[in-house]
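Protein sequences, first through last, are from chains E and R.
Take 1 as the starting number for the first sequence in my numbering and just add one per residue.
Take 1 as the starting number for the second sequence in my numbering and just add one per residue.
These are computed hints drawn from the structure, not numbers from a lab.
From a predicted model like this one, the values you see are computed outputs, not experimental measurements.
You may find that some hints are simply not true.
The list cannot tell twin chains apart, which means a pair is met if one copy fits it or any two copies do.
[Claimed, not checked] Think about it this way: if two alpha-carbon atoms lie no more than 16 Å apart in a straight line, the pair counts; the simulated EDC-like pairs of lysine to aspartate or glutamate are: (1) K171 - E60; (2) K171 - E413; (3) K393 - D190; (4) K358 - D282.
2 protein chains.
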Amino acid sequence: MAEIRWKDELKTKEGQHLEELLTFLRMPGISTDPERAGDLRDSAEWVANRLRAAGVPEVEIAPSAGHPAVIARWRVADDQPTILIYGHFDVQPAEPLELWDSAPFDPVVADGTIVARGSSDMKGNLLTAIQGIEAAAAANGGQPPVNVSFVFEGEEEIGSPHFRDILRQHKDFLHADAVISADGGQFSSDTPSLAVSLKGLGGVQINLTTANTDLHSGSYGAWVPNAVQSMVQLAATFHDEDGRVRVAGFYDAVRELSEAEKEEISRLPIDEDEEKQKLDIDSLWGEAGYTPRERQWVRPTLDLNGIWGGFQGDGVKTVTPREAHLKVTCRLVADQDPLEIVELIRAHCEAHCPPGAKVDVVPLPGSARPYSVNREDPVFGAVKDVLTELYGKDPVIVRNGGTVPATGIFQDELGVETITMAWAAPDSKAHAPNEWYSVADYYRGREGYAMLLERLRR
Amino acid sequence: MAEIRWKDELKTKEGQHLEELLTFLRMPGISTDPERAGDLRDSAEWVANRLRAAGVPEVEIAPSAGHPAVIARWRVADDQPTILIYGHFDVQPAEPLELWDSAPFDPVVADGTIVARGSSDMKGNLLTAIQGIEAAAAANGGQPPVNVSFVFEGEEEIGSPHFRDILRQHKDFLHADAVISADGGQFSSDTPSLAVSLKGLGGVQINLTTANTDLHSGSYGAWVPNAVQSMVQLAATFHDEDGRVRVAGFYDAVRELSEAEKEEISRLPIDEDEEKQKLDIDSLWGEAGYTPRERQWVRPTLDLNGIWGGFQGDGVKTVTPREAHLKVTCRLVADQDPLEIVELIRAHCEAHCPPGAKVDVVPLPGSARPYSVNREDPVFGAVKDVLTELYGKDPVIVRNGGTVPATGIFQDELGVETITMAWAAPDSKAHAPNEWYSVADYYRGREGYAMLLERLRR
Numbered sequence: 001m002a003e004i005r006w007k008d009e010l011k012t013k014e015g016q017h018l019e020e021l022l023t024f025l026r027m028p029g030i031s032t033d034p035e036r037a038g039d040l041r042d043s044a045e046w047v048a049n050r051l052r053a054a055g056v057p058e059v060e061i062a063p064s065a066g067h068p069a070v071i072a073r074w075r076v077a078d079d080q081p082t083i084l085i086y087g088h089f090d091v092q093p094a095e096p097l098e099l100w101d102s103a104p105f106d107p108v109v110a111d112g113t114i115v116a117r118g119s120s121d122m123k124g125n126l127l128t129a130i131q132g133i134e135a136a137a138a139a140n141g142g143q144p145p146v147n148v149s150f151v152f153e154g155e156e157e158i159g160s161p162h163f164r165d166i167l168r169q170h171k172d173f174l175h176a177d178a179v180i181s182a183d184g185g186q187f188s189s190d191t192p193s194l195a196v197s198l199k200g201l202g203g204v205q206i207n208l209t210t211a212n213t214d215l216h217s218g219s220y221g222a223w224v225p226n227a228v229q230s231m232v233q234l235a236a237t238f239h240d241e242d243g244r245v246r247v248a249g250f251y252d253a254v255r256e257l258s259e260a261e262k263e264e265i266s267r268l269p270i271d272e273d274e275e276k277q278k279l280d281i282d283s284l285w286g287e288a289g290y291t292p293r294e295r296q297w298v299r300p301t302l303d304l305n306g307i308w309g310g311f312q313g314d315g316v317k318t319v320t321p322r323e324a325h326l327k328v329t330c331r332l333v334a335d336q337d338p339l340e341i342v343e344l345i346r347a348h349c350e351a352h353c354p355p356g357a358k359v360d361v362v363p364l365p366g367s368a369r370p371y372s373v374n375r376e377d378p379v380f381g382a383v384k385d386v387l388t389e390l391y392g393k394d395p396v397i398v399r400n401g402g403t404v405p406a407t408g409i410f411q412d413e414l415g416v417e418t419i420t421m422a423w424a425a426p427d428s429k430a431h432a433p434n435e436w437y438s439v440a441d442y443y444r445g446r447e448g449y450a451m452l453l454e455r456l457r458r
Numbered sequence: 001m002a003e004i005r006w007k008d009e010l011k012t013k014e015g016q017h018l019e020e021l022l023t024f025l026r027m028p029g030i031s032t033d034p035e036r037a038g039d040l041r042d043s044a045e046w047v048a049n050r051l052r053a054a055g056v057p058e059v060e061i062a063p064s065a066g067h068p069a070v071i072a073r074w075r076v077a078d079d080q081p082t083i084l085i086y087g088h089f090d091v092q093p094a095e096p097l098e099l100w101d102s103a104p105f106d107p108v109v110a111d112g113t114i115v116a117r118g119s120s121d122m123k124g125n126l127l128t129a130i131q132g133i134e135a136a137a138a139a140n141g142g143q144p145p146v147n148v149s150f151v152f153e154g155e156e157e158i159g160s161p162h163f164r165d166i167l168r169q170h171k172d173f174l175h176a177d178a179v180i181s182a183d184g185g186q187f188s189s190d191t192p193s194l195a196v197s198l199k200g201l202g203g204v205q206i207n208l209t210t211a212n213t214d215l216h217s218g219s220y221g222a223w224v225p226n227a228v229q230s231m232v233q234l235a236a237t238f239h240d241e242d243g244r245v246r247v248a249g250f251y252d253a254v255r256e257l258s259e260a261e262k263e264e265i266s267r268l269p270i271d272e273d274e275e276k277q278k279l280d281i282d283s284l285w286g287e288a289g290y291t292p293r294e295r296q297w298v299r300p301t302l303d304l305n306g307i308w309g310g311f312q313g314d315g316v317k318t319v320t321p322r323e324a325h326l327k328v329t330c331r332l333v334a335d336q337d338p339l340e341i342v343e344l345i346r347a348h349c350e351a352h353c354p355p356g357a358k359v360d361v362v363p364l365p366g367s368a369r370p371y372s373v374n375r376e377d378p379v380f381g382a383v384k385d386v387l388t389e390l391y392g393k394d395p396v397i398v399r400n401g402g403t404v405p406a407t408g409i410f411q412d413e414l415g416v417e418t419i420t421m422a423w424a425a426p427d428s429k430a431h432a433p434n435e436w437y438s439v440a441d442y443y444r445g446r447e448g449y450a451m452l453l454e455r456l457r458r
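Let the sequences and hints guide you as you build the complete structure.
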């Protein structure tokens, strides 16, 4: 009965909910850009107000040393379980802007998708949680069937540097039996999935300098070290020809896969031909000895995210540059520790820095331990049931090559598991130009959250 | 008698001539920047007007498919020789701007130097020629003792791509017995020098792409080629550990040095300790088996002038980039051909492009053959005498690691030698931040040009 009522309610509100998402997507909350602090505050206010409108009685903006978070609580009964919904309202930078077909913060709805920065990662998902819970509460006499709390942060895309502080400060308020992360996606639009692990993250910026000034290549290029050349020499030492990371000790803590895990992963291979065609490449790449799916899900990587140095304008400048810069992040797996990995990279840079060059290795803000879910947790079972009902088939077991730093922090600080229930498509171009989200997945995702509350009721 | 009069004249005008140079330096004629076309036209007009003010009767702006040149002629007698003064009024870009201690186009005069983009390369030198010839003419009854022509171009810093066209169009007008290039410098402030060779130049921009979009490193980094990583792998193949260029065929046309040439070069070694201290580096670099001076003067190089790709902002962006770019120029020696070298680089890039990446190798505008002076030319002897008198000692014989594309073009089109007579200091930071020029060298340089005309008189 309640289910029928919230289904009707959600159906009726489709147009209004789409408009809400478009409004939210117009807020350029790029957490890595210090000039966007005001936009992050606006996004936090918008989310807080949306929670209040949904009927959530306790809603607060929680300040931090960085961007604020939104915390909220809807306690209904001591004998019901409490779930904590996690998400983030910050987004990745939109660069390179010239590769977008439309403005990244001016969402376009066409062919069943919404194209905008933050659409799939993860403003759409965040709203499905609020709207689904709002509908379940409305159908249940004005309050949800179980206790629900919320924590939405504004720094996920920069590695959640202050999230631990926020949880510590609001530990009692946010106490829960399990966390549901709304940050993630499904295996495909018809096959649901349950993620059992997430990779960790650690990164550095490498600043390399040679002489104390840029120099004329005719006078100096033949006998003075060139920072761009020194940097490419150093950067080329990070991988061997088989795609293995050459940083000494990088793999030492990595747990080898069991045969059972290998078998489970092998059930969902990456279709190499299809992906090559889709991405317009004639060859894949990566660590030899593992399938692409194994590499994506359970093998650590060292990724070069950006490089710059010397003259980058039109035409010619015959300069011997004095400095060059490289951004590196690593996706980590159990039991790698991000702080140890950063130190290994530092040692590698010092050992491989070409003669005449100096390197400064600066850890990038935010790091995260890899995370594995306890499949025995009852909320894991509840999410599994919801997905099965929602999609009409059992979810497949997947791993997530991405990172949600909050998962490890929830385990440390609240002592609870995090189970992901989210709706982004795997090729949704998160972090890339023309990021998109499916309108149908958005509408269906709201139902998932309403169903979950019903199912958790004791 | 004439000499005394022009010396007095030049002494009297020191303040006025310094002001002229400062005005000229305020014109940001960056030839590589398409948005500066108007500034280049303004610079050409300014130079043309300065020639007219000096008394030169025939002065024209010579348009080209790129930036215009200024050509001028002062014919005085059929029985006197004709020299053609060469220079350029364009300048290098000023980037990186943050490394300048003052604004690059707002010259600062302090401690006997003028700091500004274009001060040493080569607006100061250009004015010494005009002002010296003006003084010699004034002292000689209003016209110079020999025939003098001028060609000042606006595209030297981008490799003089239209200079050959300009010479062909104005071949009769510019006919001369020898060219004096005012673009260059002296060995030191007390030791004059005569340059007997200049390096050639050829370059490319390498554009490398992998997938058709930037990708999320968590989802794709482990199994899709990364353009920044592919680029550093490719770029690191250009040199071996001994600093030799690994491009197949690169050295094939290079003439080995004779023992006599080696001996001549060894008389003027680079002081390695002093340079390391000055540049704040603990090690030099370059092709093994040659001294730093040999490398600078007579060995070819392949220089990485700039690199960029992926995320270059503050903070973290966990992207797998789809494109990266590299600027490469080569300094060439006899008998290397710049067009052949560009083709060798193209073949190298195609052979060494990592799997899954595609490279597009685009020749950069402007290329120049290496150039050697005929030491038997009488104008070479005259310049030698002038330098000896001006500095009170014989000039040393040097090579120039830099490139003046015009030299080879003069040889081809007018059939004449180019001898350099110019005044920049070797550490003048040409092409780099805080470029400077000595006020004393500026004033003395004018005398050199007046003396040269006297000496060439039959």
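*For this structure, which hints from the list above don't hold up?*
Hints that this structure does not satisfy do not exist here, as all of them hold.
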